[in-house]
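Next come the chains, spelled out residue by residue.
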Amino acid sequence: MIVRTPHLQDEVIFECYYAARRGETLDPPAAEHLADCEGCARRYTDAGAFLNTLSEDAEAEVSALFPPERLRAQQQEISRRLELVGRAARVISFPGRSAAAVAQKPRTPATRLTRWLAVAAAAGLFVGVAAGTAFNFGPRFDVAHDGPRTGANTAARQAINAGRPARLSSAAVAPAVDIDDMFMSDLESVLDRPHTRELIAFDQLTPHLRDVRDFAR
Amino acid sequence: MAGAAAAAGTPAVATSATDVPARLPASAPLSDDSRLAVDIRGMVERGDLEDARQQFEGLVVAHQRRALRIAFQYLRDAAEADEAVQDAFVKVFSHIGSYREAWPFEVWFTRILINGCLDRRKARVRRDRWIVPSDDTTTAGGSLSDRRAFAAAANAPSTQADPEARLLARERRARMTAAVERLEGRQRTVFMLCHYGDCTPREVGAMIGLNESTVRVHLFRAARKLRALLGGQP
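Residue numbers (numbering that gives the first Met the number 0), protein chains in the order written: chain A, 0 to 216; chain B, 0 to 233.
The reader is advised that the hints may include incorrect statements.
[What the hints assert, rightly or not] Covered stretches of chain B (in silico footprint by chain A; criterion: 3 or more residues with CB under 8 Å from a CB of chain A, positions within the stretch not fixed):
1. 42-56
2. 60-70
3. 108-117
[Unchecked claim] Example chain A residues on the side facing chain B (calculated, C-beta under 7 Å, incomplete):
4. Ala57
5. Val61
6. Val128
These aren't lab readings, by the way, just hints derived from the structure by calculation. Remember, it's a predicted structure, so these values are computed and weren't measured experimentally. Note that CB positions come from ideal geometry on N, CA and C, so glycine has one too.
Using the sequences provided together with the hints, build the complete structure.
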């Protein structure tokens with residue numbers, strides 16, 4: 000009675016391939032079966048061809064990417080880096096060489112004068128901004144405030160009102176009237192009674208809102 | 000490190016890069032490289048750095064090509080692979096004092112190299128979060144790293160002279176790269192080390208902290224999945 004051994008599993012076939020590739024001896028039963036069984040031998044050949052193609056392609060790819068000259072360049076680079084191993088770290092000056100060269104350049108009187116002018120201008124600007132902020136010059140910074148800090152603004156407002164007609168001046172000095180209302184009322188009064196001679200003709204030609212309103216009534 | 004590496008889709012290679020693997024192999028004769036590494040370690044300990052550097056160049060020449068193959072398969076970027084290999088060699092020389100001949104030099108070096116590659120992959124994933132893909136890349140699908148790997152494979156120069164064969168090889172490489180990128184992280188690492196790095200499952204187990212039989216299982220599954228992804232014909 001002849002007992003037929005089962006076919007080799009894929010795992011065993013791959014094992015055999017890698018063992019043969021490394022030059023190791025194959026598992027004796029597997030080697031015997033491969034010698035006897037045509038089907039398993041074909042599977043073994045197919046798997047080997049597949050895996051060999053993978054290796055050959057990878058090898059070809061690396062050979063193309065890393066030709067001998069690049070390998071040599073890499074060896075030289077590694078040697079260069081190895082020379083630095085074991086040496087103390089070098090301190091790199093900062094800023095770089097160009098900045099150091101500029102710093103060491105001899106200073107002429109013209110350069111010094113330019114620098115002093117720049118420093119004086121910067122200082123003047125700073126003092127001006129600081130003083131302006133501290134004293135709060137100008138009426139536009141304190142339109143909405145009526146506190147004790149607004150003495151300068153009040154004086155300026157009175158000076159403005161002094162140049163206005165009497166009616167406007169009296170309205171402006173009234174403490175309860177807001178400056179915006181004053182302005183609007185001034186505007187309305189000017190528009191109601193055009194005193195500018197050159198504009199009277201235009202005013203007569205232009206329909207007034209009150210006329211339209213009266214007509215509608 | 001394990002969590003971050005898992006987030007990057009790659010397995011963590013055991014602990015620190017320069018640690019000695021925990022499991023020791025059965026006593027085996029030292030390889031030439033391992034003996035050389037032990038000699039270099041002695042020179043460094045004696046303070047004879049110049050001789051150590053000269054001897055180390057032999058190790059660089061011996062392992063450079065294999066290291067580039069592994070690093071490029073991990074990173075799919077020639078410049079980054081170049082830097083990763085350089086960093087690995089410099090790190091090996093700097094830490095040669097911690098080398099123990101219980102494991103071959105090749106295993107120790109590969110482990111340092113893989114750790115460097117994994118760090119670079121993680122850094123790339125972090126960088127990619129801040130990059131807005133352009134229109135042509137969004138239509139391709141997949142992550143930015145996948146698309147970059149695919150483009151690198153498609154644009155890699157070829158040594159073949161025939162334009163048609165060159166084009167076919169390029170397309171095949173691109174398909175293979177995409178298939179390898181689709182492997183699960185640990186499977187990919189095992190496959191790369193065994194297949195492209197010519198490491199034995201035992202060595203890979205020492206590098207990534209896995210049992211040898213587990214490595215064999217991962218290798219088999221990776222090869223089977225690749226065959227399925229590539230339709231049996233690469």
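Can you verify the interface hint for Ala57 of chain A: is its Cβ closer than 7 Å to any Cβ in chain B? holds, 5 Å
Per-stretch coverage check for the stretch 60-70 of chain B, three Cβ contacts closer than 8 Å to chain A: Contact hint for the stretch 60-70 of chain B vs chain A: holds, 5 residues under 8 Å.
Take the shortest C-beta to C-beta distance between Val61 of chain A and chain B; is it under 7 Å? Because about 5 Å separates Val61 of chain A from the closest Cβ in chain B, which is inside the 7 Å limit, the hint holds.
Chain A covers the stretch 108-117 of chain B, three or more CB atoms within 8 Å, holds or violated: Result for this restraint: violated, n = 0.
Quick check: do three or more residues in the stretch 42-56 of chain B have a beta carbon closer than 8 Å to a beta carbon of chain A? holds (count 4)
Does Val128 of chain A meet its interface restraint, that is, does its C-beta lie within less than 7 Å of any C-beta in chain B? violated, 41 Å
The structure does not agree with the numbered hints 3 and 6 stated previously, though it agrees with the rest.
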